[in-house]
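Going line by line, the protein sequences match chains A and B.
Heads up: the first sequence begins at 0 in numbering that gives the first Met the number 0, then just goes up one per residue.
Heads up: the second sequence begins at 0 in numbering that gives the first Met the number 0, then just goes up one per residue.
Keep in mind that the hints were calculated from the coordinates and are not lab data.
A quick note: this is a predicted structure, and the numbers were derived from the prediction, not measured.
Heads up, some of the hints might be wrong.
Unchecked claim - Listed below are several chain B residues computed to face chain A (Cβ distance under 10 Å; list not exhaustive):
id	residue
1	P255
2	D292
3	T428
4	Q584
5	G673
6	D797
7	T798
8	N865
Note that CB positions come from ideal geometry on N, CA and C, so glycine has one too.
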Amino acid sequence: MAPPPDRRRPIKRAAISDQQRRREVALRLQADRRSDAQNRARQLASSVLSLGPEPATEPEVEPEQEMSEASGQLAGRSDLDPVRAARLRGPEVRKWFARQLMLPEWMVDVPPSLDRDWYVFTRPSGKRCFVVSSNGTTISRLRNGSILHRFPSNLPNGARTKDVSGPASSYSILDCIFHEPDETYYVIDMVCWRGYSLYDCTAEFRFFWLNSKLSETGASDSPSQYHRYRFNVVQIYECNLAGLQASYSGQVPYVKDGLLFFNKHAHYQAGNTPLALVWKDNVCSQYVLDTDSKGQIPPQQQVVLELQNDGNLTTSDDPPVALGSLSRDLIAQSGLRVGNLVRVAIKDERMRLVDGKLDLGELQLVGKANHSRAFADTYSKVLFQHAARHAPLRIEDLVASIQSNSSMDNSQALDVEMEG
Amino acid sequence: MALEVTQVLLYAQSIDAATRNHAEESLKQIQEQNLPAFLLSLSAELANNNKPIESRKLAGLILKNALDAKELHRKNDLAQRWLSLDLATKTQIKTSLLQTFSSPVSDARSTAAQVIAKVAGIELPHNQWPELIGSLLSNIHQVETHVKQATLETLGYVCEEVDPQVVDQEQVNRILTAVVQGMNATETSSDVRLAATRALYNALGFAQANFTNDMERDYIMRVVCEATQSSDVKIRQAAFECLVAISSTYYEKLAPYMQDIFNITSKAVREDEEPVALQAIEFWSSICDEEIDILDDYRSEYTGDSDVPCFYFIKQALPALVPMLLETLLKQEEDQDQDEGAWNIAMAGGTCLGLVARTVGDEIVPLVMPFIEENISKPDWRGREAATYAFGSILDGPSPGKLAPIVNVALNFMLAALSRDPNNHVKDTTAWTLGRIFEFLHGAAVETSVITQENCQQILTVLLQSMKDVPNVAEKACGALYFLAQGYEDEGSVSPLTPFFQDIFQMLLFVTHREDATESNLRTSAYEALNEVVRCSNDETAPIVMQLIPVIMLELHQTVEAQKLTSDERDKQNDLQGLLCGCLQVIIQKMGSIEGSKYAFMQYADQIMDLLLKVFASRNATVHEEAMLAIGALAYTAGPNFAKYMPQFYQYLEMGLQNFEEYQICAITVGVVGDLCRALEDKILPYCDGIMTQLLKNLSSNQLHRSVKPPIFSCFGDIALAIGENFEKYLVYAMPMLQSAAELSAHAVSQDDEMLEYTNQLRNGILEAYSGILQGFKSSPKTQALVPYAAHVLQFIDTMYGGREMDDAVMKSALGVLGDLADTLGSHVGPLISQSSSSKDLIEECMVYDDPLIRESAEWAKLAINRAVSAFASIPCCVWSGLGSHHQPYQVLTSPSLNDPTNKQQGHLNANIVSAYASCWLSLINIRNKWSGSVISKWSLLIALRHLKVLLFWVVPCFFALFHIGSTGIVVVSLLFVYFV
């Protein structure tokens, strides 16, 4: 009986030995783990929200020191990732998330080169929130950090279904507005995608990424068992005349609440930024003027400010801007504590600029702000609300600004015909 | 001296060991003292007809070994040594060799033919000895028969030895003419005809051009087919071997001859002697191989096509081919199942039938079923065995939908046969067929498995019972259990095997202890089945697997303690140790991957490690490899805790890395270094000097098998990722190594698929090294140390992209490296990457790739590069925004319009004036994210100017100066700034 030729395996003999298989499995596992290790390195450290050291359990803090302590801790923890941040407890988790959103300033003046450097889109009316998908669930958190929904979605790792790509722990973060009437999340920005941070990317790139990636996942599909809410992108325009016109008066499937302007070159930036601006008038928003705690528009402008140690009332800007103060007696009398958000009314015509700073003059205490408020008003909001009551920035001003830009551009190219 | 040599050569073949050793020693000495003289005397010995044939043959053999070796590096050394000999010596040796052709002793001629081929193999590629073929062929028609035979034999060996490119077409034509004429039926000497037929076998690779010429091809094919009808069985066998070689080399040229070849082969299969019949069957198996490859290419989602079209020869021959093969199945030999190396007509026929089934799929089923039905219940065991064998052979190929109904009917019959058939051959084949059923018609990939919760228990009962049968049947039963378990590997907690785990383990352990467990590979099969059952364990069955650990450890302990073994016992001991280490490896992997059992498992870690370290005392390569793999698995499971074993383990790690001879061990050890890096992270640092030294040595060695080199590069990446910036001190050694390897592999011209695959492995290793190093240095202050290498890395990727030969793995790694470059070096390489157009093209191309992993890597690269580029653009702003916290500019800008709300027009005018004013000292205004809108336009201007690196060097000093000068100096400095911009 001659042995079989080298290249021919008798059919009854096993194709590969288990030893060979063990070797191959070991090699495959090594390759997989290498690529996992690389992916982890790529994702974690590249994110602005990289993993910091595990927070130690802090001792109980004295009530009066609470505010300063808490803000100190928060500063140290700004480098947590959202997954770990979600393990923080109570107010901390809310503060953490509250500080991750990019907050547009109110447009009190038209930035130059609006048509060249800015995008514009119609802001959906609804609840601004951060949507984080990771480990098979999707969680949306409001501006104050509290959870709005916990649900399965088609976002990457957003539901417990088999996802072929990437580790289940990699997270995606979207900046959204939840629009109640059609139960849809309108995505206005993309912060993190499959673990890769977009914080350091320009708005131009983020919007490109948002538009191309979101549709790939099926997140815009109609709701289903493993996809509770639909995610839609909003139509983003170049801020030229046509774009401004379209976003101002065009048809959108949602209730409008003003216009948002994004500077194309700006990175995503947690907190207030003048590189994103919000503007409204009565045509494109039902909520131009602030309402008081009862939902009525008060006769006098009211602002929400934070009470400081020295009795000053400050905005939520970083650093805070003091707009007035309360006397110690009044503070004691009304049982206010440092860090409380208070609602005050501005006595008209008392606003003025002192040494380059806005002074609201004598403030009339209305009371403590609504419990769900996490922040005082910003400086720009106070200004915008004031202007809205007296001399609003009108759509015509925006149009004029764009027109003057383009006519300036033209004047360089050809002689302007004088007509007047 | 000549006399002396003869004597020594004869002594070297003495039965007396002392004499033999002494003679071998003397030969070695002579060789070392004077190589040319030694070689000359050997060739003279071989050529001398007065010398005894024994010394002549050995002289030729030593001569041959002085010219060629198996290991590539030694082969090259020997070739260089020959080439550097003086011309006179070489000429004289060659003359002696050619003279030997006229020797009446055929062994001497044959030996000389082989030596000549070795010399030709060295010299022809260097354009030396160009007259060889000419001189061999010059008088082929005049010479005596035995010289002609030797000449043809030499031509065959030369063709085997030399690359076809080395011989020009004119010489090829002369060789083929001589060879084919020698094969012709008109040749009267069967020695010559046989030599010519065997020579053609080797010369076929040279005949590309001749096979495209119809007339020449017809002639060659006719002569080969005629030779299959020779009266000499050796010539017939050699001629069929030629047909087999032609079927794979010139498949696409075969169509006109297939009818004749079918007639020839089927006659040979039915009537000829076994060696000839086996080759005739092999012809059809070889055709199947070709068509399976082509059809695979057709189905491949990437290419969807094949270079060679499918002629569907098998499909056309099917109605006649299948009956012919089925007939062979009845020609079993009595003891074939007990003999591992057995190969006969029945086995070849079944193997071919299996290949035919894979080629044509469903169509084979109706052709085979009547045969099965007719024979499955025959009183003669041959009928029953052949029927079962036929069934088992066709289970891979046809669709499960076609087979499942038949299998459902057959299953009970098979189980009964396995328990009750009186014949061991029938039981053997039945158990094997059951294994095939489980392999192809059961498991997560099959839509409706033929195995159900209900019949699973019955199957297990029968299989476990059969494990007590004779060794060959028990071995097949273990194999069947292996595939049954494999089908449940992805099943999770619903596996119907769960209730039987205990019974299965008990039986398999019983089998490993059988007295006759070393027969028929039974013990190995039992452990393999055990491993597979462990692999399909789950949360529920993990505790039972855990109980297995002390049992396996005890067995391993016993093998380690065993002493004073005979060499036969030692071999068996080694086999067993290898199996036990393999089993531990599988258990470690599995228990480490089940969250609930990991902790309990770790309690055994100390003992397991202790045992594995003792196992390294064995000198057996397989055992080392298995122990190393088990340790790699343990390291991954133990994580940083593995550090405590490192002091003892390190010496074995180093030993493994130094093992060049058994390069598989070296390769496995390199892989384990990777496991250790991921487990220990920076705790591996103390051992890195030693490891890196060894790895660098390995890379520069030409003795280490090349396949180990790509993993070594990947291992650099693993180390760098683990120890981060501590890798800095190795950069000066590792980077040049990587760069020169990159250079070589980027420009490598890949003649064949094997070389191309190796080149891509090498590239992948290099890229993984770069990725690891770059990621390891991320966020480190020492990142700067990598900047000088960035250009080269980019150039490497550019060159590969230009070459268009990257496979998917390389593409993915290259994208990763592009991202890593940008991610780690950020603004330092942003412009460099934006300038590299091929990286941009590569990324864009891959963004729309089918493979999601590649797409994802492309996304990563795009993102990271985008960040790097925009980080570069925004550096000035970052510098400013980090300093100071003034609010005034914003208020200055906005206040006028508010100050005087009644005069809005005026307000806006004022605002514009202020903003114009403001924009001229923009460097002041950007303060901690408080950029007013009016600053932005200036900022975008900066972006447009981002390639002006000089900007960076001005902004910073300007700004610091500004702070010190105070507000009075503001205007001056900012004007300076604007000037420089």
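Hints, verified against the model:
{"no.": "1", "hint": "P255", "result": "violated, 26 Å"}
{"no.": "2", "hint": "D292", "result": "violated, 13 Å"}
{"no.": "3", "hint": "T428", "result": "holds, 8 Å"}
{"no.": "4", "hint": "Q584", "result": "holds, 6 Å"}
{"no.": "5", "hint": "G673", "result": "holds, 5 Å"}
{"no.": "6", "hint": "D797", "result": "violated, 22 Å"}
{"no.": "7", "hint": "T798", "result": "violated, 23 Å"}
{"no.": "8", "hint": "N865", "result": "holds, 5 Å"}
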